[in-house]
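If you want the building blocks of each chain, they are given just below.
4 protein chains.
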Amino acid sequence: MHKTRLEAFSDGVLAIIITIMVLEIKVPHGYDLEALRPLVPVVISYILSFIYVGIYWNNHHHMLYTVKFVTGDILWANMHLLFWLSLIPFVTGWIGENHFAPIPMACYGLVLLFNAIAYTILQHRIIKSHGPDSILAKAIGKDIKGKLSPVLYLAGICAASVSSWLSGGIYVLVAFMWLVPDRRIEVLLQHRKEQEAAKEA
Amino acid sequence: MHKTRLEAFSDGVLAIIITIMVLEIKVPHGYDLEALRPLVPVVISYILSFIYVGIYWNNHHHMLYTVKFVTGDILWANMHLLFWLSLIPFVTGWIGENHFAPIPMACYGLVLLFNAIAYTILQHRIIKSHGPDSILAKAIGKDIKGKLSPVLYLAGICAASVSSWLSGGIYVLVAFMWLVPDRRIEVLLQHRKEQEAAKEA
Amino acid sequence: MHKTRLEAFSDGVLAIIITIMVLEIKVPHGYDLEALRPLVPVVISYILSFIYVGIYWNNHHHMLYTVKFVTGDILWANMHLLFWLSLIPFVTGWIGENHFAPIPMACYGLVLLFNAIAYTILQHRIIKSHGPDSILAKAIGKDIKGKLSPVLYLAGICAASVSSWLSGGIYVLVAFMWLVPDRRIEVLLQHRKEQEAAKEA
Amino acid sequence: MHKTRLEAFSDGVLAIIITIMVLEIKVPHGYDLEALRPLVPVVISYILSFIYVGIYWNNHHHMLYTVKFVTGDILWANMHLLFWLSLIPFVTGWIGENHFAPIPMACYGLVLLFNAIAYTILQHRIIKSHGPDSILAKAIGKDIKGKLSPVLYLAGICAASVSSWLSGGIYVLVAFMWLVPDRRIEVLLQHRKEQEAAKEA
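Those protein sequences? They're chains D, C, U and G, same order as listed. Mapping to our numbering: the first sequence position 39 is 425, numbers consecutive. Mapping to our numbering: the second sequence position 65 is 451, numbers consecutive. Mapping to our numbering: the third sequence position 148 is 534, numbers consecutive. Mapping to our numbering: the fourth sequence position 41 is 427, numbers consecutive.
No wet-lab data here; the hints were simulated from the structure.
For identical chains, the list gives no copy identity; a pair is met inside one copy or between any two copies.
Below, a list of computed lysine-lysine pairs in the DSBU-like style, where the Cα atoms sit at most 35 Å apart:
id: 1; residue 1: 533; residue 2: 389
id: 2; residue 1: 412; residue 2: 389
id: 3; residue 1: 585; residue 2: 454
id: 4; residue 1: 585; residue 2: 514
id: 5; residue 1: 531; residue 2: 389
id: 6; residue 1: 585; residue 2: 528
id: 7; residue 1: 454; residue 2: 531
id: 8; residue 1: 528; residue 2: 389
id: 9; residue 1: 528; residue 2: 514
id: 10; residue 1: 531; residue 2: 514
id: 11; residue 1: 585; residue 2: 531
id: 12; residue 1: 514; residue 2: 454
id: 13; residue 1: 454; residue 2: 579
id: 14; residue 1: 579; residue 2: 531
id: 15; residue 1: 454; residue 2: 528
id: 16; residue 1: 579; residue 2: 533
Please work from the sequences and hints to get the whole structure.
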């Protein structure tokens, strides 16, 4: 019950975040293809952020699937994550409008970094309340991706002062790393089902 | 469970897409009927896109009704469809502001084409995971509408260079083709119920 | 199942409509009370429209509560209602920005009129599919409010050419008429419960 | 059933309110850190309002958890609360744009005050319909926080004429007071469970 509303609220906020980013793609006054050219960096940054929000929704979805009850701690850790996610449209618009200038690119990475930290905090709170034997704790395992991402974001932030392309490349890399579907939880649930089926037989 | 949240997120995104389009109908400064005249093409494009998003919601609703479980593939195919749907407000605003100029009209068709492709990919992923005997696979059948639409969109894109009216007419035609309610899945579910009732008797 | 998603989608659209209206209350540049004065008509129009959308949500909620299955007809009649509701923010902004000028006031009434018509169509479609013995059919009864509203909206539209205050007064009157909670369906459900309890005893 | 849709609608409106506030953080044209400086007060006001809306969502969530049925009174008391919550983005934008000038700060407090009043009305309506023995009535108890908040908001409004910092400090204080998780309802539910477990043993 509790959980349902937490999911519904998070879904709502994520749906709005992913959709208001499109408002940054301002309708041009011209009516030829030339009029679309200034929009190219805006659209590229939109695509990258769309994928990032999609990844967060996907992982959030899998993580909350394992949650059995919601504490005040979890509620606020989730709200904290939503706060950082809500800043993604701003930095997306900023890098798009300034053609991936160094400082906006570093800020973009910074917001991604804080999102990663907020996600990790939420994960810790859920595991803490559900115990080390919970599905999530086991599914996460060593959480290599989760530990690697902040390091890569930091690398991307530093790289922005050298080259925006390098910085952007690192952010794209992290996105691809997560796009490879995070089947850890799915695999564990599958495994558990098989064990139960074996017991019954 | 899984499916519920996928539907909820898609509903949220679709509800926002259909509603933010209305923000393009900017409140005029004048207060006579004359002030409304520049809005006529904006409103016409809004109506057409409203119907298109409505059709997608309707078909998406019917398609997901047949889904029994959600895989990572389905999640991302759905996200891909939402991406293309999210570009509809942009092209709608563009054709509205430029009184259906040729290049915006072609771009409008292009976005519709990519939506149709993304929808077909989602359909294929669901059928692939649910098997050729699934309700969806049977309900789709030869999928004449689904195969005809991309061809008509292409025709509309090409027609834009000749006449915006012809191009727009083709897009309206496709919308009407889909507005005729897609009862295929409903019919099959009905048929199945009758068979079950017959068995019981 | 079907119904749940129809409700969820309508809730989403209504929640967005009611909230984006607040975007018309533009943040003033000044920082004294004087800066708020131009916002007075905008806020008044916002309050009226907020109440109207609230009434529609409330009645929609009660009406769909009686629905047992959803047909293609109902889906599209609902979409048609959502279309007219989505135009409320536009006319609200228009009357607010132009201090309730006659033509914007008439347009406001026109959009309310079309909303009332769309609501009536949806009601008819539900009753048609659920039969004259359905809860809704009985609860509606003679539907005096539903028949009176369009007449009053028409009166308000005509009155706009004479006096904006008269016109606005009529719209406020209709809102109050509906604000008196529409307990018809509640009463009938209550009645049914009592009958069942009587049978059991 | 009834309750589910009330929650869903409120979640939708709250999710949109919390997210459209971010639209006030306008993408700057510059691309250096200097360009971000004018945004500092906007971001600070966003954080405060984000926390306030989060608190309202959290408390609303807990309060509705205890609700067993929804009356017309509750529906409209909830709508009234949503109205005042919908004004938060406006006053947030106003204090942010004017660097916490006295009159905007007082208006911010005024909107918070009306939110507190609307929340209290909703609480009263729920308790009135569910009886003095309801979970909510017991969980609220003396409702010290609920009675203290309006007094503090009033203090903040008055303090704005002396010092914006004092006024802001009071609003932050109230937020912190509520951020301490409102475990009253959780505690009572826990207590009830234990009693039931004791009875069974």
